[in-house]
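These are the residues of each chain, in order.
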Amino acid sequence: MHELAIAQSIVDVVEQRASECRATHVKGVRLQIGEASGIFPDSLTFSFEMLAGLSPLLEGARLLIETVPHLAHCQHCAREFVVEQFVPRCPLCAEWSADILSGTELHILEMEIE
Amino acid sequence: MPQVTIAQNILAPNETIAAEIQQTLTTLQIRTLNIMSSPGAGKTTLLECSIAYLRNKLRIGVIEGDIETSADAERIEAAGAATVQINTRGACHLEAHMVLDALAKIELSQIELLIIENIGNLVCPAAWKLGEDLRVVVMSVAEGDDKPAKYPQMFATAQVLVLNKLDLLPYVDYDLEKVKRQVFAINPHLRVFEVSCRTGVGLDAWCEWLVDFARGEK
Chain A
-7 MHELAIAQSI VDVVEQRASE CRATHVKGVR LQIGEASGIF PDSLTFSFEM LAGLSPLLEG
53 ARLLIETVPH LAHCQHCARE FVVEQFVPRC PLCAEWSADI LSGTELHILE MEIE
Chain B
772 MPQVTIAQNI LAPNETIAAE IQQTLTTLQI RTLNIMSSPG AGKTTLLECS IAYLRNKLRI
832 GVIEGDIETS ADAERIEAAG AATVQINTRG ACHLEAHMVL DALAKIELSQ IELLIIENIG
892 NLVCPAAWKL GEDLRVVVMS VAEGDDKPAK YPQMFATAQV LVLNKLDLLP YVDYDLEKVK
952 RQVFAINPHL RVFEVSCRTG VGLDAWCEWL VDFARGEK
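Respectively, the protein sequence lines represent chains A and B. Sequential numbering of the first sequence, starting at -7, is according to my numbering. Sequential numbering of the second sequence, starting at 772, is according to my numbering.
A few of these clues could be false.
[What the hints assert, rightly or not] Quick look at which bits of chain B chain A covers, simulated, 3 or more residues with Cβ under 8 Å: (1) 782 to 790; (2) 884 to 898; (3) 916 to 924.
[Unchecked claim] Quick list of simulated restraints, FRET-style, between CB atoms: (4) Tyr942/B - Gly52/A: 54 to 64 Å; (5) Glu87/A - Gln881/B: 40 to 50 Å; (6) Met42/A - Glu948/B: 42 to 52 Å; (7) Ser35/A - Thr840/B: 26 to 36 Å; (8) Ser35/A - Pro941/B: 11 to 21 Å; (9) Leu84/A - Leu939/B: 48 to 58 Å; (10) Val972/B - Glu12/A: 49 to 59 Å.
Calculated directly from the structure, the hints in this document are not laboratory data. Since we're looking at a predicted model, the values are computed, not measured. The beta-carbon is built from N, C-alpha and C at its ideal position, and this holds for glycine as well.
Using the sequences and the accompanying hints, generate a full structural model.
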């Protein structure tokens, strides 16, 4: 259900941009989805394909998803590390003070039109 | 085949409206909480108790989100707060445009604190900003002590956690210390209140915090 609402937002944005560009058809849409964004890519693809099928402009459009890792920077030892299961604790020095660098992205990067 | 750059946050349309709401409320010196939990954790009861406790101390307005029925809005109204009900008719979370519509139905000059009670759901509401200053998660001890680890995004994006139904602790397998370890691992800055709406334990600290928050003292 969550992914369906996200897919609807993508379709809305893409339809608007495509009509601004006077495109006759959208062939594909490329996204960047962070690992910590709470989005399951397969569900998002399923929802997007269903909604695209209802849109004359997007019918048959493919969704390409780039996954962005959940990374943090340790303020204590200055290393970059992968955040496991949302716990931002440095695996090297075991400190809790970390800045999140990436992983929450929900971005539409570009679309391919004709 | 031309490629067209879009470079836009998927939730940007929602976040634009949320920022407008926050700006409007800040200008009116109204502070706002977005309260979230799984169904049955006790959000509405916590609000009823808080409104009753703060009756002569703080003017509170409430936006009630539910999939169906106005039962909760009626409870909040009876407790003494200005209330607007939003029914999402199936949608699993509130979105900023729904809150914007609801704001038009509240006499904003009459309130100091706005509380938005989100749909009971530990997953989807975490992704949608509603114009709130802070996010509050309510969790009851009857839900099991593994929820923060299972629904980390909700606990990672909140600033306050209210652990409710503390009176049930002797009857359920719920390890309070384990829960605190989990939530502080995900979110070391989370402020935690332990309450029982049934017995009233802990409500004083929570309600005093609400007053400080509404007056801008956090």
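Among the hints numbered above, which are violated by the structure, and what are their numbers in rising order? 8 and 9
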